[in-house]
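**Student:** Using the hints provided, position chain B relative to the given structure of chain A.
Protein chains: 2
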Amino acid sequence: MADTPIIDRLALIGIGLIGSSIARAAKANGLAGHIAISSRTAATLARAEELGLGDSYHEDAGEAVKDADLVIVSVPVGASGAVAAAIGPHLKPGAIVSDAGSVKTSVVRQMAPELPDGVHFIPAHPVAGTEYSGPDAGFADLFENRWCILTPLPGTEAQAIERLSAFWRGCGADIEIMSAEHHDLVLAVTSHIPHLIAYNIVGTADDLEAVTETEVMKFSAGGFRDFTRIAASDPTMWRDVFLHNKEAVLEVLGRFTEDLFALQRSIRWGEGDELFELFSRTRSIRRGIIEAGQETEAPDFGRPHGKSDGDPAE
Amino acid sequence: MADTPIIDRLALIGIGLIGSSIARAAKANGLAGHIAISSRTAATLARAEELGLGDSYHEDAGEAVKDADLVIVSVPVGASGAVAAAIGPHLKPGAIVSDAGSVKTSVVRQMAPELPDGVHFIPAHPVAGTEYSGPDAGFADLFENRWCILTPLPGTEAQAIERLSAFWRGCGADIEIMSAEHHDLVLAVTSHIPHLIAYNIVGTADDLEAVTETEVMKFSAGGFRDFTRIAASDPTMWRDVFLHNKEAVLEVLGRFTEDLFALQRSIRWGEGDELFELFSRTRSIRRGIIEAGQETEAPDFGRPHGKSDGDPAE
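Chains A and B supply the protein sequences, listed in that same order. Counting in my numbering, the first sequence runs from 1 upward without gaps. Counting in my numbering, the second sequence runs from 1001 upward without gaps.
Keep in mind that the hints were calculated from the coordinates and are not lab data. For glycine and all other residues, C-beta sits at the position ideal for the given N, C-alpha and C. Among the hints, erroneous ones may be present.
Chain A is faced by these chain B residues, among others (derived, beta-carbon under 8 angstroms) [claimed, not checked]:
hint : residue
1    : A1046
2    : R1047
3    : I1201
4    : G1222
5    : D1226
6    : R1229
Simulated DEER-style distance windows between Cβ atoms [as the list claims (entries may be wrong)]:
hint : chain 1 : residue 1 : chain 2 : residue 2 : range
7    : B       : D1207     : A       : E162      : 55 to 63 angstroms
8    : A       : G270      : B       : A1085     : 17 to 25 angstroms
9    : B       : G1030     : A       : E50       : 50 to 58 angstroms
10   : B       : Q1159     : A       : G270      : 36 to 44 angstroms
11   : B       : E1059     : A       : A28       : 52 to 60 angstroms
12   : B       : R1287     : A       : P116      : 42 to 50 angstroms
13   : B       : D1055     : A       : I175      : 52 to 60 angstroms
14   : B       : P1116     : A       : R287      : 24 to 32 angstroms
Next up, chain A with everything else stripped away, as it sits in the complex (with noise of 0.2 angstroms):
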């Protein structure tokens, strides 16, 4: 627990799994002497009131960005232009604006245009999450342990980027620095093309005419039920992902399709020893990932076993 609050006045525009998560860990690490809660939807903004995740609550953003230090927009990125320009106008000079949003460059693109001078606006990225969405499914320590990536624009003030970096920090996120491309590259591979696959497999396997619906639920602990998790992920935040990291995201695909097709062909042809060595190289990065901290090594994600396994009845 800091002895002084890292940031006075904390304003959160959006309250799902992520502006949820950043109001409990603020609270539970005292992080923001007032914490400002803004959401578009009245329900869920109703809904942060009863959790008691914030201080105040506002339906209209520019309300709530009032007098803010620091002021962190966690919407769909399809959502950040609106938002910055109806935030733009209220922000006070010297505030820090951030956001959480998976694509950085399309944020900077909408996003900067609307915000005045005197503002620090430093795009980030919390590499966090669950399947599952909205304010009551956020949680305290979503980013302890884990990589909050930073794509500050050059000439940013140093003071404001260290400011923000604190903050997450007080979060328990380790901070890294990068350019707003690279970072759109990085998480095409790490998150928007797995997703992609995820969806894609779950729907191909919904669409076979000779194997059910229920012969798929019965028997995917075969491997399949790994795929739904990302795949039961928010529909219009992993819309909005695509259609703003197209670039990337269809330069990965590229060549992840092109590495399947030799993959059929070894196949195809009984190509033994080229489906070996890939599966052996492919085991020790699972061991890589373990070892950098960003995996449990427990069997089965440490899935429970027995009885009880996934029955919410027992």
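**Tutor:** Showing chain B alone in chain A's frame:
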């Protein structure tokens, strides 16, 4: 705990993740009077003995199956034929011979000709596992609440099928019966293609020049790490699966690729409604899998969160 064991003498050929889990489940539930274990790898057999998994240990598979009432072969599917040839002459009349392979038509093709008349050959596949291998990786409740698929040939005695079913139910599994051909198509969808895609994306990420391996590992919590689990599965086992279920795998892969190209086109042309429709549909399939008792509803598979997450040192 059964009063009288279902099986007098059980022989396990192969004592890796699956074989050793069968041994543990049989012991924990009193399913067999004697458990004879065989492995072609001396170190694995010695380890099984150290772990006390059985009652007798045999380098020679033929010796292990002598007088056995039930023989379960748990080896990479490419080795099925050789094992059947080795044990065939030593089987007692009336013995049940089964396996645990992930492919069934090829196993039938390999094993059936090597087995003598008067033996009940019932191919089986318990749809359960983790990404770890070897006798240490097994555990007694691996099969609990999971499906074991039997693919008996036409004309197989009902009593033998019932006895094998009782054994698997004793291990905690539910029984499903289908043809070997249908099994191979269903598992291509729910297991083989998911593994292939996971291996492929992990390989693609590893090969990119513009994104470093360190970046892939650091930012893998965006979704990528989910894929690395099944891409860390046993390379020999999975090489054999793809070589031995070629037709069904190529058929389902063709559908997957076709759907992926449609999705790619939607992204290129900015068809947000198409994306949203798919992403909403896939969400309900996960819900169905949770309701079918085949998945946990805990966020993020119930992975540990917070400081100790994934750090073996803590």
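**Student:** Which hint numbers does the structure go against, in order from smallest to largest?
**Tutor:** Hint check: 1, 2, 7 and 14 fail, others pass.
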